[in-house]
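Peer 1: Fit chain B to the supplied structure of chain A, relying on the hints for placement.
2 protein chains.
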Amino acid sequence: MPAKYVAIAAITLDGKIALHKHHMSNWTSKEDKTFLRALLNKSDVIIVGKNTHKTAEKPLSKRNCLVISRSARRLTNKSALLTYVKPIKAEIQKIIRARGYKNIVVLGGAQTYTFCLKNDMLDELYLTIEPLAFGRGISLFEGDKNLNARFNLISTKQLNKAGSLLLYYKK
Amino acid sequence: MPAKYVAIAAITLDGKIALHKHHMSNWTSKEDKTFLRALLNKSDVIIVGKNTHKTAEKPLSKRNCLVISRSARRLTNKSALLTYVKPIKAEIQKIIRARGYKNIVVLGGAQTYTFCLKNDMLDELYLTIEPLAFGRGISLFEGDKNLNARFNLISTKQLNKAGSLLLYYKK
Chain A
33 MPAKYVAIAA ITLDGKIALH KHHMSNWTSK EDKTFLRALL NKSDVIIVGK
83 NTHKTAEKPL SKRNCLVISR SARRLTNKSA LLTYVKPIKA EIQKIIRARG
133 YKNIVVLGGA QTYTFCLKND MLDELYLTIE PLAFGRGISL FEGDKNLNAR
183 FNLISTKQLN KAGSLLLYYK K
Chain B
33 MPAKYVAIAA ITLDGKIALH KHHMSNWTSK EDKTFLRALL NKSDVIIVGK
83 NTHKTAEKPL SKRNCLVISR SARRLTNKSA LLTYVKPIKA EIQKIIRARG
133 YKNIVVLGGA QTYTFCLKND MLDELYLTIE PLAFGRGISL FEGDKNLNAR
183 FNLISTKQLN KAGSLLLYYK K
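One line per chain: the protein sequences are A and B, in this order.
Numbers in the numbering used here are just positions in the first sequence, counted from 1, shifted up by 32.
Numbers in the numbering used here are just positions in the second sequence, counted from 1, shifted up by 32.
Derived by calculation from the structure, the hints in this document are not laboratory data.
These numbers come from a predicted model, not from an experiment.
The reader is advised that the hints may include incorrect statements.
No copy is singled out in the list; a pair is fine if it fits within one copy or between any two copies.
Here are the simulated BS3-like pairs of lysine-lysine, each with C-alpha atoms no more than 30 angstroms apart in a straight line [as the list claims (entries may be wrong)]:
1) Lys126 / Lys189
2) Lys62 / Lys177
3) Lys202 / Lys189
4) Lys110 / Lys94
5) Lys62 / Lys189
6) Lys65 / Lys189
7) Lys189 / Lys118
8) Lys193 / Lys126
9) Lys177 / Lys193
10) Lys126 / Lys86
11) Lys53 / Lys203
12) Lys177 / Lys118
13) Lys53 / Lys150
14) Lys177 / Lys94
15) Lys82 / Lys121
16) Lys189 / Lys121
17) Lys193 / Lys150
18) Lys177 / Lys53
19) Lys62 / Lys90
20) Lys121 / Lys65
21) Lys118 / Lys134
22) Lys121 / Lys203
Here chain A stands alone, though its shape is the one from the complex:
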């Protein structure tokens, strides 16, 4: 069985994951947070960018994380649960193969989602659309060119009365 990369994100209806890079996800619904925790509980490892890891350092401290950082040395084991790695596909996949990870959750932020999408490390996507608009902020993907990536919508589920909507896509 090959490794499966599952990205998960909560976005506003205008496609924003945060207002700025230090913005915590204090605006998402509790139903989304519950779903997120359940997905993380089933994962072997979480791929997360350095900034996003910082905004959620405490809840992530008990989870197995690969932190993507441009300034990391090629591979740095900070602890049994925490490895820093450069955004280099071959390096990351080498770790994943060596450690036998199969269920990989991509937790963001935008640069990490974009890196994974560009490098065929995004097989599935759980997207919760919260019923609000920021009007500005950081988009789900922040690439420098059109990726034109097609997905298939597999299922939709309304999470609460206000209308948080969980969409499940496959590439």
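Peer 2: Okay, now just chain B, sitting in the frame of chain A:
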């Protein structure tokens, strides 16, 4: 009955309405285009930004349009169906009241959606989420500050097998 402002937009799953300001909506599903036409057919007037009007000049030529343009003189009647107006709330609402428009469709682009959202001229929103990601481009809203606008999800409808999804929100 007060005038009702209904915004309609097709976005990618990463919240983009276009790759750049001259990008036509040649990437949206035919089901979305059908829905859009039906909504426009029921409208009294369409509020549209100058750039968006240019990308759709021919299909819009038979429709009643208020084109928002910063460089317009306060009010310019180009023809019976085409009026240019500055992005000034009082000016636009004066025209709408004087002409008795009730069903107003806000067609974009980003600056026009943002202007309407900021100025309480966006009561409802039809959002079609097409199952693809650009990875970059123009967001639904392009504001200079956090608008934190809450919506309620009224209904969802899957438009086709690939998973174009029509969401209907009220403010």
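Peer 1: Next step is simple, just say for each hint if it's right about the structure.
Peer 2: Hints versus structure:
| no. | hint | in the structure |
| --- | --- | --- |
| 1 | Lys126 / Lys189 | neither (35 angstroms within a copy, 42 angstroms between copies) |
| 2 | Lys62 / Lys177 | between (34 angstroms within a copy, 25 angstroms between copies) |
| 3 | Lys202 / Lys189 | both (15 angstroms within a copy, 19 angstroms between copies) |
| 4 | Lys110 / Lys94 | within (13 angstroms within a copy, 65 angstroms between copies) |
| 5 | Lys62 / Lys189 | both (15 angstroms within a copy, 24 angstroms between copies) |
| 6 | Lys65 / Lys189 | both (15 angstroms within a copy, 25 angstroms between copies) |
| 7 | Lys189 / Lys118 | neither (35 angstroms within a copy, 41 angstroms between copies) |
| 8 | Lys193 / Lys126 | neither (44 angstroms within a copy, 37 angstroms between copies) |
| 9 | Lys177 / Lys193 | between (37 angstroms within a copy, 28 angstroms between copies) |
| 10 | Lys126 / Lys86 | within (25 angstroms within a copy, 50 angstroms between copies) |
| 11 | Lys53 / Lys203 | both (27 angstroms within a copy, 27 angstroms between copies) |
| 12 | Lys177 / Lys118 | within (21 angstroms within a copy, 33 angstroms between copies) |
| 13 | Lys53 / Lys150 | both (21 angstroms within a copy, 24 angstroms between copies) |
| 14 | Lys177 / Lys94 | neither (36 angstroms within a copy, 35 angstroms between copies) |
| 15 | Lys82 / Lys121 | within (16 angstroms within a copy, 43 angstroms between copies) |
| 16 | Lys189 / Lys121 | neither (33 angstroms within a copy, 38 angstroms between copies) |
| 17 | Lys193 / Lys150 | between (35 angstroms within a copy, 25 angstroms between copies) |
| 18 | Lys177 / Lys53 | both (21 angstroms within a copy, 15 angstroms between copies) |
| 19 | Lys62 / Lys90 | within (18 angstroms within a copy, 46 angstroms between copies) |
| 20 | Lys121 / Lys65 | within (29 angstroms within a copy, 39 angstroms between copies) |
| 21 | Lys118 / Lys134 | within (20 angstroms within a copy, 56 angstroms between copies) |
| 22 | Lys121 / Lys203 | within (18 angstroms within a copy, 43 angstroms between copies) |
Checked against the numbered hints above, the structure violates hints 1, 7, 8, 14, 16; every other hint is satisfied.
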